[in-house]
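Residues -22 to -1, 1 to 163 in mature numbering (1 follows the signal peptide of the UniProt record, and there is no 0) are what the sequence shown spells out, letter by letter.
Derived from the structure by calculation, the hints contain no laboratory data. It cannot be assumed that every hint is accurate.
Unchecked claim - For lysine-lysine, the following DSS-like pairs were computed, each having C-alpha atoms within a straight-line distance of at most 30 angstroms:
no., residue 1, residue 2
1, Lys119, Lys158
2, Lys82, Lys131
3, Lys55, Lys96
4, Lys131, Lys96
5, Lys18, Lys155
6, Lys18, Lys83
7, Lys82, Lys62
8, Lys155, Lys7
9, Lys7, Lys158
10, Lys27, Lys155
11, Lys55, Lys155
12, Lys27, Lys83
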Amino acid sequence: MKKSGVKAILIASVISMLSGCATWSVVEKSDLVSPDGSFKIEAPLGWVKGPNQNAVFLTEEGPHLQKVMMQRLDHQKAFEGIKKTSSEEMMPIELADYYLAAFKKARDGLNVHQLDIKPVNLSGHAAFRMLLQTTTSRGLKINTVTYGLSSSKGFYELSYSAPELHYFERDLPEFEKMVKSFETL
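The whole structure should be built from the sequences, with the hints applied where relevant.
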């Protein structure tokens, strides 16, 4: 291999490694504002905030054990995976239908069941709360609770996922506290 080829590979490797070095940070102050400034929550102290620049991503013991993801999406991008959009006028049940279809499509090949759905009020907006269960090919059951609402600013998604065994029930109250503190800005 020529010297210039080796040098190019070396430079590309260094750039790749450095771009992947975004850091996780421990939540030391409970007031947390989303990266785009569209909402705020009270996060549990001691949890870890991920380096995601488009959403709030939190975990206590690692994203494979439990994860909280909260984001605001533009209406045009809310359900890109199923080629649907949201709007401020949409009813929560319609948003929930789109959300479920997008969730299933993103987990193609996995067994997804809707266990519960109900209307709720979230930060003064009509919203939905949905409980889903995904079963992996090895039989692991992962529960996901999602709250969704639509406003003039876009579609808001607040989700918590964890294995049904041990972690889901243990950390669900922390997630519900975060949801209760959720405020659009």
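Hint by hint, here is what the structure shows:
Between the alpha carbons of Lys119 and Lys158 the distance comes to roughly 26 angstroms, so the proposed pair stays at or under 30 angstroms and holds. Among the hinted pairs, Lys82 with Lys131 is consistent with the structure: their alpha-carbon atoms are about 25 angstroms apart, no more than 30 angstroms. Our distance criterion of 30 angstroms between C-alpha atoms is met by Lys55 and Lys96, whose separation comes to about 24 angstroms. Distance hint between Lys131 and Lys96 is fulfilled; the C-alpha atoms sit about 23 angstroms from each other, no more than 30 angstroms.
Our distance criterion of 30 angstroms between C-alpha atoms is met by Lys18 and Lys155, whose separation comes to about 13 angstroms. Taking the CA atoms of Lys18 and Lys83, the gap is about 29 angstroms. The hint holds against a cut of 30 angstroms. Restraint check for Lys82 and Lys62: satisfied, since their Cα atoms lie roughly 14 angstroms apart, inside the 30 angstroms limit. For the hint pairing Lys155 with Lys7, the CA-to-CA distance comes to about 15 angstroms; that is within 30 angstroms, so the pair holds.
As the CA atoms of Lys7 and Lys158 are separated by approximately 17 angstroms, the hinted pair is consistent with the 30 angstroms bound. Distance check on the hinted pair: Lys27 and Lys155 sit about 16 angstroms apart at the alpha-carbon level, within 30 angstroms; holds. Straight-line distance between C-alpha atoms of Lys55 and Lys155 comes to about 28 angstroms, which keeps the hinted pair within the 30 angstroms bound. With a C-alpha separation of about 27 angstroms, the suggested pairing of Lys27 with Lys83 holds against the 30 angstroms cut-off.
Going down the numbered hints, you'll see the structure goes against none, and every one checks out.
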